[in-house]
Amino acid sequence: MASDSSQNGETKGYSQGLSTVPTHVTLSADQFERLYLTPMTQRQSGLAKQVGNPTPLALGGFVITTTPLSCCLMAWRGATGNGIAFTGPIIFLGGLLLLITSVLEFILGNTFPCVVFGTIGGFWFAFAATMIPSFNAAAPYSSSATDTSAGLTSAGFMNTYAFLFITMAVLMLIFMVCALRTNVVYTLIFLSLLMVFLMLSAGYWRLGEGESDVGNRCVIGAGACLFVASLLGFYLLIAQLFDSVGLPFKLPVGDLVALWPDQTNK
Numbered sequence: 001m002a003s004d005s006s007q008n009g010e011t012k013g014y015s016q017g018l019s020t021v022p023t024h025v026t027l028s029a030d031q032f033e034r035l036y037l038t039p040m041t042q043r044q045s046g047l048a049k050q051v052g053n054p055t056p057l058a059l060g061g062f063v064i065t066t067t068p069l070s071c072c073l074m075a076w077r078g079a080t081g082n083g084i085a086f087t088g089p090i091i092f093l094g095g096l097l098l099l100i101t102s103v104l105e106f107i108l109g110n111t112f113p114c115v116v117f118g119t120i121g122g123f124w125f126a127f128a129a130t131m132i133p134s135f136n137a138a139a140p141y142s143s144s145a146t147d148t149s150a151g152l153t154s155a156g157f158m159n160t161y162a163f164l165f166i167t168m169a170v171l172m173l174i175f176m177v178c179a180l181r182t183n184v185v186y187t188l189i190f191l192s193l194l195m196v197f198l199m200l201s202a203g204y205w206r207l208g209e210g211e212s213d214v215g216n217r218c219v220i221g222a223g224a225c226l227f228v229a230s231l232l233g234f235y236l237l238i239a240q241l242f243d244s245v246g247l248p249f250k251l252p253v254g255d256l257v258a259l260w261p262d263q264t265n266k
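Residue numbers (the working numbering): 1 to 266.
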């Protein structure tokens with residue numbers, strides 16, 4: 001009897017020491033925005049604070065690539081070639097840095113910036129590869145079928161390559177809609193890029209049809225829109241770096257999270 005009472009006492013004490021452990025966590029809409037859909041502000045997950053925020057790396061590669069390319073498209077100081085002079089920076093600063101950042105964002109669980117940086121980085125790789133003679137992408141369009149420079153300016157190549165710009169414009173539209181749940185600066189970058197690809201496609205088709213005046217104006221307009229995107233990228237980069245070093249003031253980016261209602265209780 002005494003042993004039974006002792007065992008019952010031990011069982012009760014053991015059961016009283018047990019507690020319910022939650023196996024899942026429910027995030028509110030605002031918490032979800034802060035963790036996953038707002039990569040361009042100071043708000044990052046705990047893991048990002050431990051290993052560092054990779055977003056400024058992509059922004060740095062973006063602005064270093066787009067700024068000189070936009071000046072070239074606008075033909076400032078007699079620049080020509082539609083970016084062929086920047087093949088190296090496009091590959092190693094635009095494509096490579098954005099691809100590295102995409103992988104890091106994937107590790108941190110940030111799906112949206114992972115897709116954004118990965119696809120834009122891939123586009124830079126593809127754009128540069130088209131201008132490299134060893135890839136033989138444009139040369140077949142030349143009269144000799146071996147001249148890449150002549151192929152890049154041929155009507156057949158321009159009429160064909162414009163479809164890539166149209167596809168990128170559709171992608172930028174999707175990104176812009178998604179960015180409406182992040183901040184104003186991020187949204188404006190995608191709006192600017194949307195205009196870039198639309199005007200490039202229009203310019204290439206006009207040039208392919210021999211309408212050089214209209215086509216060149218479209219290309220210049222695309223360069224102007226790309227220049228605006230690069231300035232916005234610089235602004236976002238500065239905001240990120242200011243926060244990373246703990247400066248006492250923060251640049252506003254126009255947080256749009258508050259405009260979206262909380263859907264958790266609906």
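Keep in mind that the hints were calculated from the coordinates and are not lab data. Careful, some of the hints might be misleading.
Below, computed lysine to any residue pairings styled on SDA-like, alpha-carbon distance capped at 20 Å [as the list claims (entries may be wrong)]:
no.: 1; residue 1: 250; residue 2: 60
no.: 2; residue 1: 250; residue 2: 184
no.: 3; residue 1: 250; residue 2: 52
no.: 4; residue 1: 250; residue 2: 53
no.: 5; residue 1: 250; residue 2: 235
no.: 6; residue 1: 250; residue 2: 237
no.: 7; residue 1: 250; residue 2: 234
no.: 8; residue 1: 250; residue 2: 56
no.: 9; residue 1: 250; residue 2: 185
no.: 10; residue 1: 250; residue 2: 77
no.: 11; residue 1: 250; residue 2: 261
no.: 12; residue 1: 250; residue 2: 231
Derived Cβ-Cβ restraints for the label pairs, each shown as a range [to be verified]:
no.: 13; residue 1: 133; residue 2: 249; range: 45 to 55 Å
no.: 14; residue 1: 261; residue 2: 107; range: 25 to 35 Å
no.: 15; residue 1: 85; residue 2: 234; range: 29 to 39 Å
no.: 16; residue 1: 76; residue 2: 212; range: 13 to 23 Å
no.: 17; residue 1: 103; residue 2: 216; range: 34 to 44 Å
no.: 18; residue 1: 217; residue 2: 173; range: 14 to 24 Å
no.: 19; residue 1: 78; residue 2: 125; range: 23 to 33 Å
Every value quoted in this text rests on a predicted model; they were computed, and no experiment measured them. The C-beta atom is built at its ideal place from N, Cα and C for all residues, glycine as well.
**Request:** List in ascending order the numbers of the hints, as given earlier, that are violated by the structure.
**Result:** 10, 11, 15
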